[in-house]
Amino acid sequence: MARRIPRQAWALGLFLLILLLIPLAITNRYWMNLLITTFMFVSLGQAWNWVGGYAGQISFGHAAFFGLGAYTSTLLLTKFGVNPWLGMLAAGVVAIAVAFLIGWPVFRLQGHYFAIATIALGEILRIGFDNWEWAGGASGIELPIMESSFLHFQFFSKVPYYFIALALALITYGITWWMTNSKVGYYLRAIREDQDAARALGVNPTKYKYIALMLSAMITAFVGTFYAQYILFIDPASTMALDLSILISLVAVLGGAGSFLGPLLGAFLLIPINELTRSFLGGGGRAYNLIIYGALIMAIAIWQPGGLWELLERWRKRRRGRKQEVTHEAA
Amino acid sequence: MKLLETRGLTKRFGGLLANNNVDFYVDKGEMVGLIGPNGAGKTTFFNVLTGFYKPDGGQVLFKGQSVGGKSPEWLCARGLTRTFQVVKTLKGMSVLENVMVGAFVHARNASEARRKSEEILRFGGLYEKKDMQAGGLTIADKKRLEMLRALATEPDLLLLDEAMAGLNPSEVQEAVALVRRIHQEGVTIILVEHVMEVVMPLSQRVVVLAGGEKIAEGPPDVIAHDPVVIQAYLGEKYARRRQALGEL
Amino acid sequence: MTDLMQVLASGVLMGLVYALISLGLTLIWGVVEIVNFAHGDFLMLAMYLAFTIYAAFHLDPLISLPLVVIALAIFGVIIHKFVIRPVLKAPMLAQIFVTFGLMIFLRGMAQFIWGPDYKAIPDPLVSGSVQIGGVYLSLPQMVAGVGSVLGAAIIAWIVYRTELGRGLRAVAEDREAASLMGISPEKMYIATWALGAGSLGIAGALLVNFFYVFPEVGGVFGLLAFVTVALGGFGSVAGAFIAGIIIGLVQMSAGFFIDPAIKDIPVYLIYLLVVVLRPQGLLGEF
Ligand SMILES: Nc1ncnc2c1ncn2[C@@H]1O[C@H](COP(=O)(O)OP(=O)(O)OP(=O)(O)O)[C@@H](O)[C@H]1O
Ligand SMILES: [Mg+2]
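Protein chains in written order, with our numbering: chain A, 1 to 331; chain B, 1 to 248; chain C, 1 to 286.
Rather than coming from a laboratory, the hints here were simulated on the basis of the structure.
Among the hints, a few may not be true.
Mimicking EDC-like on lysine to aspartate or glutamate, the simulated pairs with C-alpha atoms at most 16 Å apart in a straight line are [stated by the list, open to error]: (1) B:LYS88 to A:ASP196; (2) C:LYS263 to A:ASP130; (3) A:LYS317 to B:ASP131; (4) B:LYS88 to A:ASP130; (5) B:LYS142 to A:ASP194; (6) B:LYS91 to A:ASP194; (7) B:LYS28 to B:ASP56; (8) B:LYS2 to B:GLU30; (9) B:LYS142 to B:GLU171; (10) B:LYS54 to A:GLU275; (11) A:LYS183 to B:GLU112; (12) B:LYS70 to A:ASP196; (13) B:LYS91 to A:ASP196.
From chain B, some residues computed to sit far from chain A (all C-beta separations above 12 Å) [said to hold, decoys possible]: (14) LEU3; (15) GLY64; (16) ARG115; (17) ARG149; (18) ALA150; (19) GLY166; (20) VAL187; (21) VAL195; (22) MET200.
A virtual CB, placed ideally from N, CA and C, is assigned to each residue, including glycine.
All chains, full assembly: derive it from the sequences and hints.
This is the structure in structure tokens:
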């Protein structure tokens with residue numbers, strides 16, 4: 001026991017060091033793009049996990065926050081010349097405000113009713129933006145090309161994007177760490193397991209669901225802004241569609257809903273699959289993607305509701321169990 | 001001193017009067033038994049007291065303050081909590097984590113909550129199982145965990161809804177011992193129970209509900225002989241069993 | 001004025017179809033206690049099936065309807081056996097995700113098999129429209145409306161007037177009590193899936209006469225079915241029809257008077273309002 005904790009710290013340190021050094025080793029733009037996208041989904045998946053995994057409120061509408069993030073900063077930039085970094089903050093504020101507004105109706109709902117309400121809200125937003133000509137309508141908005149600098153949040157090289165995406169993922173994990181080691185994490189899980197029991201133990205479910213949703217909305221919007229600055233083009237179909245909401249939730253559920261490392265594992269497995277099918281199969285790749293996702297989701301739900309994380313845990317426990325047996329025999 | 005009091009408490013479900021004009025009180029440090037036949041309205045009464053239902057009429061006073069309509073979490077933070085007739089274990093969490101959720105009401109951080117919870121688990125004899133998934137416990141252990149979890153919120157008043165139903169005789173004895181010890185720690189207790197042999201010796205005073213109304217109240221031995229109670233609640237079965245046992 | 005009549009007429013006709021679609025959803029929800037997110041995608045399969053039979057053998061959807069119903073019923077039972085049964089006792093997360101995964105899977109398969117573009121039957125058996133008092137009523141839509149009412153009547157008859165229906169209702173009421181009475185829940189689940197999916201066979205074969213079919217077509221219909229159930233009240237046949245018609249009317253009016261692109265927004269708003277303010281729906285029992 002005493003030896004395991006420093007070993008974990010070592011592993012964490014090493015992992016971070018590798019992440020910092022990767023841009024030195026990998027210069028290929030394709031692989032950098034893959035890593036950047038993966039980090040984006042680490043953040044998105046973990047932010048979803050606070051609501052869908054820990055608190056057990058399954059949302060299929062998270063793309064709404066992503067799209068709001070992308071559109072807030074982009075509209076501020078293109079219409080009012082506001083710096084995208086400020087735009088990112090504004091995106092966070094807008095997302096939190098929207099989370100606050102929709103929390104009132106949706107937190108009265110549970111289970112399927114909640115999930116369907118999130119689909120409905122997401123679709124309302126998407127259809128709205130599709131038809132909002134001032135905001136570019138269905139054809140979207142191209143961001144103006146500016147000089148490559150930190151101030152403008154635009155770069156020729158992928159390396160700065162890599163570090164920003166990494167920083168966002170680290171912030172997200174920092175929040176998760178705080179959550180799981182404080183009252184908030186315990187309360188969210190208690191709400192998921194049994195809301196009445198939680199209330200009898202002094203938990204105010206609405207308050208803690210709000211905390212989870214607002215933080216989740218904020219991070220998701222930040223990533224939305226990042227995406228807009230990275231791709232330099234946004235439209236409702238790519239930033240607000242149900243497909244994106246599904247992918248976000250799938251990252252968390254595949255990795256392990258309600259687990260600390262789950263979304264990380266999920267993103268590192270799913271996003272490469274997603275990008276590979278897309279680049280090798282072209283436009284028709286969407287059908288394969290849907291088939292693969294669909295089959296994966298069903299398989300996980302049926303055989304492994306705890307996701308990859310639980311699979312690893314079980315495997316680790318078995319190994320540890322075997323080790324203990326060996327030491328017992330030796331003694 | 002009255003810790004909790006109800007005056008004319010009424011709760012309706014559509015046309016059904018689940019609690020009808022109930023006057024009730026419990027003094028600080030007391031252990032009161034609340035009995036009554038199936039459907040008498042005992043669980044409903046608990047649900048109103050703990051804020052899960054809003055009363056349709058009457059008053060609930062806790063520590064002298066009117067609290068009718070306050071939320072369960074508000075009441076819990078002020079020292080009033082309960083267990084559930086159908087156990088509500090936080091199945092996906094460990095035994096220790098179940099108790100920690102309760103402990104967080106007053107603990108400032110996770111390590112304090114953990115320390116306190118481990119202490120409570122030792123007190124309640126579940127320490128050895130602290131890392132188990134709570135969903136895997138036996139029903140007796142689940143009920144025990146639910147009491148300990150409630151205890152972790154540091155209640156002044158604890159409402160136990162059939163904490164011993166469904167247990168075998170030796171488990172009942174253990175549960176009775178635990179309830180006694182919790183009471184000795186200074187927690188006031190209201191005990192809903194079907195098993196008369198359990199309530200009577202534990203309670204200092206017994207209140208009887210039937211059809212949503214309070215029909216009797218008094219010391220256990222008096223209640224056990226009250227013809228109204230025997231008629232309305234204990235019924236033929238208990239009367240016969242008493243004769244058979246030749247007791248009292 | 002005729003505009004308004006026109007909108008009313010097509011709204012009502014579509015509403016009848018929505019009612020039929022939503023019945024299958026409630027039935028499965030009530031008896032099996034599974035909310036099928038892929039419900040609309042079963043409908044999509046039915047439409048494609050009718051379309052394919054037409055393309056291959058020139059059999060009109062109205063004629064191949066019984067075949068489509070049987071195929072869908074069998075498909076429903078297969079899905080129950082291999083996808084649903086394993087999660088019947090699983091936590092909520094698994095139950096929600098399994099049918100959600102199925103939904104995505106079916107859409108991917110449809111796109112793989114039939115391609116992403118819109119398909120329609122070029123010359124259906126019944127086509128054109130009749131004019132009544134200045135209002136044009138599309139004949140295929142009228143057939144669909146009448147067919148939906150008949151389909152719903154058959155289902156209602158099975159559920160409320162037959163031995164099988166008594167079993168279904170007993171299981172929906174209380175699984176344990178029903179099995180104590182000697183009714184096998186598993187058998188009832190199978191019957192429910194056959195009925196629920198089969199009813200979509202009817203709806204699909206009727207719809208494809210006047211509605212484009214494409215891989216995502218189930219998305220909107222699935223959501224509309226949820227809205228219909230929520231609005232009409234869980235488990236109420238009359239409620240389903242009232243709600244279906246209200247939704248059809250709202251959708252058509254919004255499409256006509258505001259903008260066809262936003263015609264689903266008011267429908268989603270109705271869902272949100274109903275589940276928050278009147279969770280039991282218009283005619284719900286609880
Ligand atoms: N949520 C509810 N909605 C409608 N009726 C209810 C509800 N809860 C309880 N009832 C009814 O109120 C009456 C009292 O029920 P309650 O559960 O309080 O009885 P009880 O004394 O706890 O019975 P038991 O000993 O069986 O636990 C019963 O007739 C019951 O059917
Ligand atoms: Mg009770």
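Worksheet item: Once the closest CB in chain A is found, is it more than 12 Å from VAL195 (chain B)?
Response: For VAL195 (chain B), whose nearest Cβ neighbour in chain A is about 23 Å away, the distance exceeds 12 Å, so it holds.
Discussion item. Using Cβ atoms and 12 Å as the threshold, tell me whether ARG149 (chain B) really stays out of contact range of chain A.
Written reply: The claim breaks: ARG149 (chain B) does not keep its Cβ more than 12 Å from every Cβ of chain A (closest is about 6 Å).
Worksheet item: Is the Cα-Cα distance between LYS2 (chain B) and GLU30 (chain B) 16 Å or less?
Response: Answer holds: LYS2 (chain B) to GLU30 (chain B) is near 10 Å, not above 16 Å.
Fill in: Pair hint LYS28 (chain B) and ASP56 (chain B), alpha-carbon separation not exceeding 16 Å
26 Å, violated
Discussion item. Please verify whether LYS183 (chain A) and GLU112 (chain B) have alpha carbons no more than 16 Å apart.
Written reply: 11 Å, holds
Worksheet entry | Restraint check for LYS263 (chain C) with ASP130 (chain A), where alpha carbons must lie at most 16 Å apart | Holds: LYS263 (chain C) and ASP130 (chain A) sit about 13 Å apart, inside 16 Å.
Fill in: Distal placement of MET200 (chain B) relative to chain A, Cβ over 12 Å
27 Å, holds
Discussion item. At 12 Å, judged by beta carbons, does GLY166 (chain B) keep clear of chain A as stated?
Written reply: With a cut-off of 12 Å, GLY166 (chain B) remains clear of chain A, as the shortest Cβ separation is near 18 Å.
Practice prompt. Report holds if the minimum CB distance from GLY64 (chain B) to chain A is greater than 12 Å, and violated otherwise.
Written response: With a cut-off of 12 Å, GLY64 (chain B) remains clear of chain A, as the shortest Cβ separation is near 21 Å.
Discussion item. LYS317 (chain A) and ASP131 (chain B) were given as a pair; does the straight-line alpha-carbon distance stay at or below 16 Å?
Written reply: 13 Å, holds
Worksheet entry | Pairwise hint evaluation, GLU275 (chain A) against LYS54 (chain B), where the allowed Cα distance is 16 Å at most | 54 Å, violated
Worksheet entry | Agreement of LYS88 (chain B) and ASP196 (chain A) with the hint, judged by alpha carbon distance not exceeding 16 Å | It holds: about 8 Å lies between the C-alpha atoms, which stays within 16 Å.
Hints 4, 7, 10, 17 and 18, counting from the list given before, are not met by this structure.
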